[in-house]
Structures are given as C-alpha cells and as structure tokens.
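Novice: Given next are the chains, with one letter for each unit.
2 protein chains.
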Amino acid sequence: MEPGGKAARFSSGWAAKALPQRLMLLLLTLLSGRGLHVVAAASSSGAAAEDSSAMEELATEKEAEESHRQDSVSLLTFILLLTLTILTIWLFKHRRVRFLHETGLAMIYGLIVGVILRYGTPATSGHDKSLSCTQEDRAFSTLLVNVSGKFFEYTLKGEISPGKINSVEQNDMLRKVTFDPEVFFNILLPPIIFHAGYSLKKRHFFRNLGSILAYAFLGTAVSCFIIGNLMYGVVKLMKMVGQLSDKFYYTDCLFFGAIISATDPVTVLAIFNELHADVDLYALLFGESVLNDAVAIVLSSSIVAYQPAGLNTHTFDAAAFFKSVGIFLGIFSGSFTMGAVTGVVTALVTKFTKLHCFPLLETALFFLMSWSTFLLAEACGFTGVVAVLFCGITQAHYTYNNLSVESRSRTKQLFEVLHFLAENFIFSYMGLALFTFQKHVFSPIFIIGAFVAIFLGRAAHIYPLSFFLNLGRRHKIGWNFQQMMMFSGLRGAMAFALAIRDTASYARQMMFTTTLLIVFFTVWIIGGGTTPMLSWLNIRVGVEEPFEEDQNEHSWQYFRIGVDPDQDPPPNNDSFQVLQGDGPDSAGGNRTKQESAWLFRLWYSFDHNYLKPILTHSGPPLTTTLPAWCGLLAHCLTSPQVYDASNLGRVKYVPRESSPEIWELRALGENQEPLREEDSDFILTEGDLTLTYGDSTVTANGSSGSHTASTSLEGGRKTKSSSEEVLEQDLGVGDQKISSRGTRLVFPLEDNA
Amino acid sequence: MEPGGKAARFSSGWAAKALPQRLMLLLLTLLSGRGLHVVAAASSSGAAAEDSSAMEELATEKEAEESHRQDSVSLLTFILLLTLTILTIWLFKHRRVRFLHETGLAMIYGLIVGVILRYGTPATSGHDKSLSCTQEDRAFSTLLVNVSGKFFEYTLKGEISPGKINSVEQNDMLRKVTFDPEVFFNILLPPIIFHAGYSLKKRHFFRNLGSILAYAFLGTAVSCFIIGNLMYGVVKLMKMVGQLSDKFYYTDCLFFGAIISATDPVTVLAIFNELHADVDLYALLFGESVLNDAVAIVLSSSIVAYQPAGLNTHTFDAAAFFKSVGIFLGIFSGSFTMGAVTGVVTALVTKFTKLHCFPLLETALFFLMSWSTFLLAEACGFTGVVAVLFCGITQAHYTYNNLSVESRSRTKQLFEVLHFLAENFIFSYMGLALFTFQKHVFSPIFIIGAFVAIFLGRAAHIYPLSFFLNLGRRHKIGWNFQQMMMFSGLRGAMAFALAIRDTASYARQMMFTTTLLIVFFTVWIIGGGTTPMLSWLNIRVGVEEPFEEDQNEHSWQYFRIGVDPDQDPPPNNDSFQVLQGDGPDSAGGNRTKQESAWLFRLWYSFDHNYLKPILTHSGPPLTTTLPAWCGLLAHCLTSPQVYDASNLGRVKYVPRESSPEIWELRALGENQEPLREEDSDFILTEGDLTLTYGDSTVTANGSSGSHTASTSLEGGRKTKSSSEEVLEQDLGVGDQKISSRGTRLVFPLEDNA
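Listed in order, the protein sequences are those of chains Y and E.
Going by the working numbering, the first sequence opens with residue 1390, and the numbers climb by one from there.
Going by the working numbering, the second sequence opens with residue 1390, and the numbers climb by one from there.
Hints are supplied without guarantee of correctness; some may be wrong.
No copy is singled out in the list; a pair is fine if it fits within one copy or between any two copies.
[Said to hold, decoys possible] As a list, the in silico BS3-like pairs of lysine-lysine whose alpha-carbon atoms are at most 30 Å apart: (1) Lys1865 <-> Lys1743; (2) Lys1482 <-> Lys1743; (3) Lys1591 <-> Lys1625; (4) Lys1625 <-> Lys1482; (5) Lys1743 <-> Lys1801; (6) Lys1712 <-> Lys1801; (7) Lys1590 <-> Lys1801; (8) Lys1801 <-> Lys1482; (9) Lys1482 <-> Lys1590; (10) Lys1865 <-> Lys1590; (11) Lys1636 <-> Lys1801; (12) Lys1712 <-> Lys1636; (13) Lys1591 <-> Lys1743; (14) Lys1636 <-> Lys1590; (15) Lys1743 <-> Lys1628; (16) Lys1628 <-> Lys1801; (17) Lys1628 <-> Lys1828; (18) Lys1865 <-> Lys1636.
Rather than coming from a laboratory, the hints here were simulated on the basis of the structure.
Keep in mind that this is a model prediction, so the values were computed, not measured.
From just these sequences and the hints, can you work out the full model?
Specialist: Right, here's the structure in full:
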C-alpha cells in the first residue's frame, strides 16, 4: 500500500483504456468494411508527403488498399461465423437437440476460429514504423511534428510500459479481430437489454413484482458481498502461497462480486419457452435476470467510485461507503427516470397523433425515441443501458397499446433481430477471446475459488430470500422452484461486457479470464442440464397460455376497444382464479397467480386509474377517476375512444365494492356483473372457432367482410373460482367501421391532432 | 500546370482525408453515445501522467465526462431533428400536403438547426494542448515519445498546412456535428441502395430492361461528358474573368459531370406511388435512377483513376483513357458478380434448408448474407455499394420466393426502416451542411453554369435516347413520358455522398457547394411541381395494380405451390394483354406492357428454365429442361415441391408452340390451355371475396379452420386479349396440411437437409 499506488493504478487504467482506441476504429470496419481505409491512408500520408514521386504514392495507396482488404476479410470471418451458427442452430432446432443452446454453439465456433487465428496465422510485427522522440516534461494529447517544413499532427494513443517497447510484436490478425470493449457496452448490449424489457411478459412480471425486486436488488447485493468477501479470502490465500505477484485490493474483489452477480439464464429461458414450463418460475427467473443486470452495472460503477479519503488506504471508510451507496441510488433512480420519461413521451406522442396510419413512421419514431433514451441518460451522466431497460418496459406497457397492429409486429421483430444478432455476436466473440485475447491471466486457485464463491453466493441469495419472501407470499415459492433458480445461475453477456471493459491491471485481467471460464462452464454445463433438471425437479412443462399475444399474433388479431390482452389482472382480496386448474396439491403450491402485496395493489390502482388512461386508449376515463376540479385537464387527456365506448351506453366504469380505489368496467344491461378486462379480449378469426383449454372455454364468433362490415362478437368464458360471467356485446351498429387492412377499429372521431 | 502539381494535390487530398479521422470517432458516438469517452480520456491521460495528484485526476475525469456529454447532446440534436421530421411528415401525409416531400422537409429542418449552430453557439478553440517537436527526415505513422521515463505512443492524424497551425480555431459544436464523409458512403448509402434493389417492382423492371439499361449506361455517360465539357467551358470563362484563383482541370470537370449525373427522383416516385401513376413510367424512372447511381459511382472512380502518363499534363491520353474504361468495366462487372453471387448463395441456402420454419433465423441469415456482399466486394477491391444493389435485385428475384411469409414481411420492413432512417438522416445532414461545413466555395458563375449544364445534359440524354429506343420499341415512349423523365432529373443522396467524399482541393469544394445547391433546388422546386406537371402532361394516375404484393400482403396471404405472384410475364410474340384496358389511344401509347427485344427473351427463357428451378421452388423441373445426361444433377437441384405439383397429376410442363425454348405449365384434364403462371396466384382470404377491377374479375373462395384443415380454392380470371382460361384446383386432398400460423403450406416431404 505505497503512497500514490491508487493514483498510478488509476492513470494507468486510463492509459490502457486509451490503448485500444485504435481498435475502436474497427467498429467502423465492422459496420462499413471501409473504416480503416482512411486510417491506413493517414498512417501512410507521412511517408507520401516525404517523397512526392508517383511510384511511392502508388505504393502507399496499395498499402492502404491492402489493409482495407484485410479488414474486410476479418469481418467476413465474423459474418461467416454467425452464418454458420445460424445454420447449425437451425439444424439443432430441426432435430430438436436441446443439450446445446445457440449461445453455447456460437461460443464453440468462436473457440475454433480463435484457435485457428492464434496458431494458424503467422505473427507479424505491429510496430513497423516507429520513432523515438524524447521530450522533457509532460505528454500532451496532441503533437505537432515538423518534418522538413511540413507539419504533421499526432494524437496520443496511450502509455506503453517500458518492457514492452520492443516486444509489441503482435499478430496482425489477432489485433484486427479484437474489438474495443466499449463496443460491447454501447452497441451490442443496448439492443439485448431493450429487447429484454420490451418482450417482458408483463402480466406475470407485475404479478411477481415484489419477489423479483427482492431477488434482483437484495439478492444481487448479497451475492456481490459474499462473493467479494470469499474472493478476498482466496486472494489472501494466493498471497500466502506466493501465487499472486501483483496488487489485488478488497475493492477489486467486490468489483468481481458485482460483475459476476449478473445472471443471464438465456439458455434456461429458451428451453422454458420451448417446453412451456411454468410461467411463474419463468417470470421470476427472467425478471430477476433482467433487473440484476441493471443492478450489477450500477453496483460495479459504485464500487469503482468507492474511494476512501486517504489515498493510500484500501480499508473501510464510512464516508466513502455512503457516498458509493448514494451514487448507486442516484445512478439507478436517474437511469430509471430517464427510461420511464422517454417511454411516457413516446406513449403520449403515439396516443395523441394518428401516426398509426403510417406504420413505417411509427416504427421509425419508436426506434429513435428508444435510442434517444440511451443518449439522454449518457448525456445526464446516468447509465444508458439501465435507462434502455426501463424504457423497454415502459414502451411495452404503454406505447405498445397505442401502436398499430403492423407496428407492433414491426417493432417486436426489429428488436428481436437486433437482439439475436448482438447476442450471438457477443457469445461467438467470447469463444474467440479465449484464444485471441493477449493478456490472459490463468490462476487455478482464483478460478476454483471463484466457482465455489459463485455457488455459495447464489445459495446465500436464493434460499434465505425465498424463505423470507415465502413468509409474505400467500402462494409460496416451492422448494423445487428454489432449486431450479439456484441451478439457473448462468453468467453471460453482461458479466463478460463488464469484465472486458477494463483489463488494464493484473487483477482485472485475472478477473476477465475467470469470468470467461465461468461463462463457458455455466452456459455449456447448465444449459445442457436444464431439461433433465426440469424433469428431476418435477416442474410442470407443457403449460399452455392461449391468451399470450405472442403466440396468436399472426393467426388471429385482437379486436379491442380500450382493452389490453396482456395487461395486469386486477388484484382481488379473495383468491385469484386459476386458469389452468390442476388439483390444488399437484406441483407444490406453485400456482401463485397473484401477490396481494400492498406494493402491487398500490401500483396497480395508480397505473390502472391514472397512467393507463393518460398514456393509452384503455382504462377508465380520467373524468371519473380524477377529482372534479381537474375536469378540463382530464377531458383533454382521456382518449376519445374511451368516451366512445362509454357513450355507446353499454359499459360504465364504477368503483369496485371490495376495493373502492379501483374503477372497474361494467357492462350495462341484463348483466350487472363486473366485466373483467382480460376477459373482454375479443378475438376476430377467419371463421367460427372454439378453443378449449383446461376447464375454461372461449367461444368467439366473428366474421369480417372485404372492406366495411358489421361485426358481431360473442365471448364467454368460464373460470373456476371467480364468478361466472357471460358477456355479450354487439358492436356492429354502424358506429365503427373496420378498415380492410388487418382488423383495426377506426372510430369516426373528431380530429385531435 | 507546374511539375508535381498532381502529386501534391494527391497527397494533400490524402492528408485532408486523414484530417477528419477524428471525426470518424463521431460515428461511434452516433451509435453509442459513449464513443468519445475513451478518446477524451486518452487526450487527457498525458496531463494525468504528469502530475498524479487526485485533484488533477478528478479534473481529467470531469473533462472526459464533459466531452462525452457534449457528444450525447449533439447526437440528441440529430435524433430530435429526425423525430421532428417524422412528426411533420405525418402531419403532411395526414393533411395530404404534396408540395413538400419528407426529404425536402428534412433539409429544411437541417437548415434551421445549421443556422442555429452556426450563429447561435460561441466559437471555441480546437487545439488547447499541443506541442511542437522537430524531426529530421520523415513522418512516421507511429511515434514513441519518452516523457521522463514513461513512453507514450502517438499516431499520425494528418498534415496541417503551415498557415493553419495557429488558426485551427473551430467552433466545437460545428466540429461535433460534422461526420466523416466515408460514413455516408459506407454506412448510410448501403441500406438505401439495397432497399432500392430489393423493392424493385421486378415485373415492370424486366419488361423495360432494355430501355432502362440504355438510359442508365449510355444516358449517364452522355450526361457526364456533356456536363463535363460544358463545365470546362464555364471554368475557362471563370479563368478569363478572373473568378477562379485555383487549379481546375478537365478531369475535375468530368468528375463533376459524373457525380451530378446520379439522379434520385425519390420525391417524384413517392408522389407516383401515392397517386398510382403509370407503372411503366415508374419503372423507367426508378430503374434508371437505381442503375445510374451505380454507374455514377463507378464512373467517378474511373475518372479519378484516369492518370495520363505524363504527370504534368492534363490533356487527353488514349492509353489512360482505355485504362479508365477498363477500370470502369472491371469494377462494374466485378461488383455485379459479387452481388449476384451472394444473392444466389442465399437463395440456395434458403431453398435447401428448412430455415423457413424459423423466420428469425431466416431474417438474420438474410441480413448477414446481404451485408457480406458489401464486405466481399470491398475485400476484392470492387465497389460495395454497387454490389449491394445487385445483391438486392437478386435477393428479390430468387431468395424472396424461398422465404416464409413472415420473413418476407420481416426483411422488407427491416430494410424499409433502415432505408427511411438513412435517407432522412442524409437529407437533414445536407441541410445542416450548408451552414456547418467549413470550406464552402460559392462561385455564382459556376453555379449558374452547372444548372444550365445539368439541364442540357439531361435533355441530351433523354430525348435522343428515347428517339433511338422508340425505333426499336414496339410500344413507344410517349412525348409526355419523355417530358416527365426530363423533369424528374432530381439530384439527391448519391450526388451528395460522392461530392462530400473528397473536399480537399479548391475545385472539389466548389463542386460540393454547387452540388448541395442543386440538390436543394431540385428537391424543393421539382418535388413541389410534380403533381401539377403530371396533370399538365396528361399522365394517367389512379392506375390500380391489384396483384402487386406490397398492397395485399397484410390483408391477404398468398397461397402458392411453385408460383410467384410478382414474376415476369412470359414474352409472347403476339401483343401482350393489357390488364387495365382503356381505349387503345387514350394516353398516347403508354400501355407498353412488354418489350419483345431479343435481350429480354433470351434472359427470360434462361431465367425461367434454369435459374428459377435451381434457385427457387418455382419453374419447370430441371429434369425436363436440362439435357438428359445431367439427369442426376437435375434431380438433386429440382425442388421436391415442383415434383410434388407435377406428381399430383394435374399439371405438366411442355414446350410452348410459338416459342419452343420456353417450357410452360399446363393443366391436364379438361382444359388444355397453357396455364399462365401469374394467373395461378391463389388468394386465401377470411371469407368469400370477389374483386373486380377494370374488366378483370378474380374470384377466390377460401376457408381455413383452426389448426389443420383442408382448403378448396377456386381462382378464375378473365383477361381481355389473351385466351380465356379457367383454373380450378382442389388441393385439399390430405397431401398438404395448412399450419395454423399464417397460411403456409407444409408438404410431407422427405428430409433434404
């Protein structure tokens, strides 16, 4: 702990970050195939200026072209890799192979290409043209060099440790396939994270919100501290046995705990999806992994920001600790706000314009607004990736309802493709990095310690938290669910991106290598073991969810007035109905369809009564939920479609008896039962259709003509535990007209643009 | 014409190209919002190394963050601009405003923001930390600098002219919103050009192929040389009156001719689309503009490559001229081949795998393969943009037919969004560049001369070529069509991208400014005048094309076995039928539905008999068209679906009587008339449907049950001039099953993976 140690570490960290700056240009190449052309031209313009003979110029040009070609070839390698992965994924899906997921496959192909690049290409020198120039006092960011009357501008790339000046021989190809770490964080992660938020199955997510938040926040913090402390013990041990030559502070251990606590059960969830495993377990795992990515990012940057007042000490400092906690809360809430705000703005824009007539414009706007979240958060000093996550959730919850049918599928598909490409790219790059990364530090003790630590950290996170959560939950998280959550602690793209972000110091390099191995191990072993584990733990598979929009989108289209097929269920004080009713003791009490926690109730009523009516075309009119004195405002904000539905005289919003803070839709007429909104999903099919699942039956009878037609709908559903309700609605009375494209409902409204 | 002038110009060109290299990093920022973080950190690490006190470090960090925030803000400006454009476009479309197109609008918003940035922000200095270091002999690409024992690496940025060393004061914000020219060429143009190729209305394009090729190749060459020569006259004039201070060679004039010959009638075509103007005129204009972009790129690089043997002469040199012609042919054919080859490979991959069961994989593969064309062409030294164009056309012609219904709309929509964003970005950047570009050279004589020259060039290109084409065409290009083509000579994104690519010399700067003004003028004035011009020229609008897939895709889905709804019509020697039959002399002979040119016939029979059967699931089986000795190969390559259709015993391929080189589909049984393939488009709708348009009637009757159903189809169509034909096909015989998602037909085929 010598004086100035931290400062030196810090500045060398910056310098090393600056080192891969040239690799940044590779991103351009990634995108364009031409990127390094200019660079190569630049690096040879010095030579060209010296001697202006035509021959030399041609040589320079040739050199530039050669370099450009090499870049294109190295990128083609990556594309070939991804293409190969796609074809093999298809083959695996075709043959129903489940022991290896596409991400695992991408890693294997990456490994193979890495081995070829590492051992199959000749090593060439990276520094063919260099010159030493001694300066007196300090290094500047820009250098002007006078060469026989001409001035050349140079920029600082970074510091080189003295020992390496003559050993910077690098394999050209290896350098070319190495990307700047920031590329992962700023280009590849945002689409992945946004897609996670946007594709969240909201109903189940919000139902389990309390547990998910507990797992994500408390769980990640617990896991981070346990892993950090265990690793500090391992580091002490390594120092004792003389295996550690360089510095490794306690904050480094905590940092490792933070980055390795980001779980990414992409493999497990893919199998869950395929086998239609229990939706609540899916929601718990998915929600936890999505949120704990955000927590891990903010946690790791808070730990980096933890600087004890005395520079030369790395012991505990209360002031610095609370500052770090403050930074954590600040960044997290700021990023959350940014994401939510842009989501809300997009919802308002799509609600109050008729942009849905032009799906292309709508999709472009959606894309730009979602991207602006990232920039806005970065501009304000928050974390763009976290903001993008909450933006995705907000967009899915509000904006999605305002989009046209075509835009819904367009936006989903657009982000799905981006997510798919980015994820497979990251995983194949991981495979590649194991062999092409130049600064690996393999430390067996550290690696074994890390495996033990992540196991213990996950255990200390899942079991106690589940115990406490079960105290509060009406429907417990079963023992088999806990085992499955314990098992699903895979590490993936986020851990990798956080680890590769800074590989300047010895400690960070060791962490990076270890993270890489943990990702490999968990994706391959746990990914392959999911299907046996599911059957061993007796977790139900084959659970059908007929009302999940994703599955039906393409065959049927929803017909709606102010209702949302994937919306949250209203919380009841009595037991919530079970859609797929097995026996009450079939699978260990895992039929928890809701949590009646106050948090959820509070959020639900606020969202249902105020946010949804303001931001979307659904929910009760604000004129009924808001106090009378904001009547004008409420009138302006309420969607005309909601009025229209009310004015038809068939439905009315009234407070519910059991919980008067929630306004409910009631059909007027012969049937005075409250109309449960998720039951009023109207399905318009090409003919008559009867769906039967479990003990519930939906009968829908719709017909649509070619251009303008009247529609009659009849929807009835029997549920087991809630009151019987039959809804009959006839909407085909000339007030609405169905346009011929898709089945959008167009109301003869006044212009509100 | 001093000795070495060319070399100096050349090297200074390189140096200037190197200069905006730092701006290249802005692209990263464009994509990530974090790009310049590392750069800023790099430029301050020098200062940090000097003094390792914590205070200085914090200052450094703050500086880096500040710079990063500024970048994010400047990018938010761009996104705001695009969002604003989208909302205004919506308003214009909503109100049916046609005098200003979205691209014109984007330019106006760009202009406004440019004015604000130029005059509203304070000027700051760009070089705050620089140091001079004198070297002896030559400039190297890398520099190692020894600062009190520590080594720092610097890279060459470029040459700075001595006069500018102390005057590199630039407005920081202006610099931040300036993009590297290569960004346009390598990132923004490819999606635009690919989309143009992919969305080509093939039927009309191939029908008018001869004329389109003539306009695009001969026309662009003529236009280039005429404009080049006229501008050389203008330059001579400017020299005489003393308005030109710098060098301006004949090759520069030709270069200007090449870049300004790339027409981009995006505004006109948008209005054509909206008004449903004549499809042949649309095909001629669209086809010409798409191909002449490619011609202009290759032509301009050939002109740059034109280097007379004597370095100090800029007169005509036959050897260099033929070398340039050779380069033109080489680059063009090479790029064409690259594009076609990757398209064909994609078609084969999608044909011989069952990837269509997984639309996400299919879309990702399609995207990657299309992108790899660009890289492949660049790696081989050809032009990526041109390759991408031909790849797009090939993908649309072959691969598109192999895709699943979902992937078709996915790929179309994906590239539509990319195209939309890229195009509007370029146009708003153009508006911005008028005020933020630092090196404008406004020369009134040159600008007026250029306007006259492009008018004359367009006239010399359209009228004589149309005259010669009409000699060969059975159905003439009418006088009003020629006037409209003359009028539609707008300049757009391609001219801008070519002009901004190199703005090093005085001549190039003058060209850039002039190009910018020409784009503004033509987009605003001509774009606004299209609707009046159409009615003034008596060009038919409101022509409906009920079988164009784009319009029907979302309401109906095609049901097909081996047929292609948008495929080329078989050429007949007798007059081709007119689908929308007005009187024969209604609109000046513009009902040319086909060209019977030998080129088209040759291409059609080859494509129909060999390429389509090999690459797609349509066309006659290869076993019938190929000679007997390649029987096994033909068997392997022919799609099992084609056999299946033949084996049903209802259809058979036989050579046509009138032209025996074309194999035709004939229905066996009661009706021995040849079965025209485009008539065998089956439409599956949600009910019974009768469409009537003009004198043609289509009756389709389809029903689909919930999961597996048999389908009966009945399609009949009456056309005016061709033989009456009624097709009745019953496919619901248990051999096929219709899956519930969409209306894909799944055959019980053996596995051919």
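Novice: 30 Å Cα cut-off: does Lys1628 pair with Lys1828 within a copy, between copies, both or neither?
Specialist: within (21 Å within a copy, 62 Å between copies)
Novice: With 30 Å as the alpha-carbon cut-off, assign the pair Lys1801 and Lys1482 to within, between, both or neither.
Specialist: both (22 Å within a copy, 25 Å between copies)
Novice: Up to 30 Å between alpha-carbons, please classify Lys1591 paired with Lys1625: within, between, both or neither.
Specialist: neither (45 Å within a copy, 71 Å between copies)
Novice: Can you tell me if Lys1865 and Lys1590 fall within 30 Å by alpha carbon in one copy, between copies, both or neither?
Specialist: within (21 Å within a copy, 60 Å between copies)
Novice: For Lys1712 vs Lys1636, is the C-alpha pair at or below 30 Å within one copy, between two copies, both, or neither?
Specialist: within (24 Å within a copy, 63 Å between copies)
Novice: Is it within, between, both or neither when you check Lys1712 against Lys1801 at 30 Å Cα-Cα?
Specialist: Close neither inside one copy (40 Å) nor across copies (51 Å); limit 30 Å.
Novice: Can you give me the call for Lys1636 and Lys1801, within, between, both or neither, at a CA distance of at most 30 Å?
Specialist: neither (47 Å within a copy, 55 Å between copies)
Novice: Given identical chains, is Lys1482 near Lys1590, meaning Cα to Cα at most 30 Å, within a copy, between copies, both, or neither?
Specialist: Within. Shortest intra-copy distance 23 Å satisfies the 30 Å Cα cut-off; inter-copy 35 Å does not.
Novice: For Lys1590 vs Lys1801, is the C-alpha pair at or below 30 Å within one copy, between two copies, both, or neither?
Specialist: Classified as both; 13 Å inside a copy, 27 Å across copies.
Novice: At most 30 Å between CA atoms: does that hold for Lys1865 and Lys1636 within a copy, between copies, both, or neither?
Specialist: Neither: 46 Å inside a copy, 83 Å across copies.
Novice: How would you label the pair Lys1743, Lys1628 (within, between, both, or neither) given a Cα cut-off of 30 Å?
Specialist: neither (67 Å within a copy, 56 Å between copies)
Novice: When no copy is named, should Lys1636 and Lys1590 be tagged within, between, both, or neither for a Cα gap of at most 30 Å?
Specialist: neither (45 Å within a copy, 66 Å between copies)
In terms of the numbered hints stated before, the structure departs from hints 1, 3, 4, 6, 11, 14, 15, 16, 18, listed from lowest to highest.
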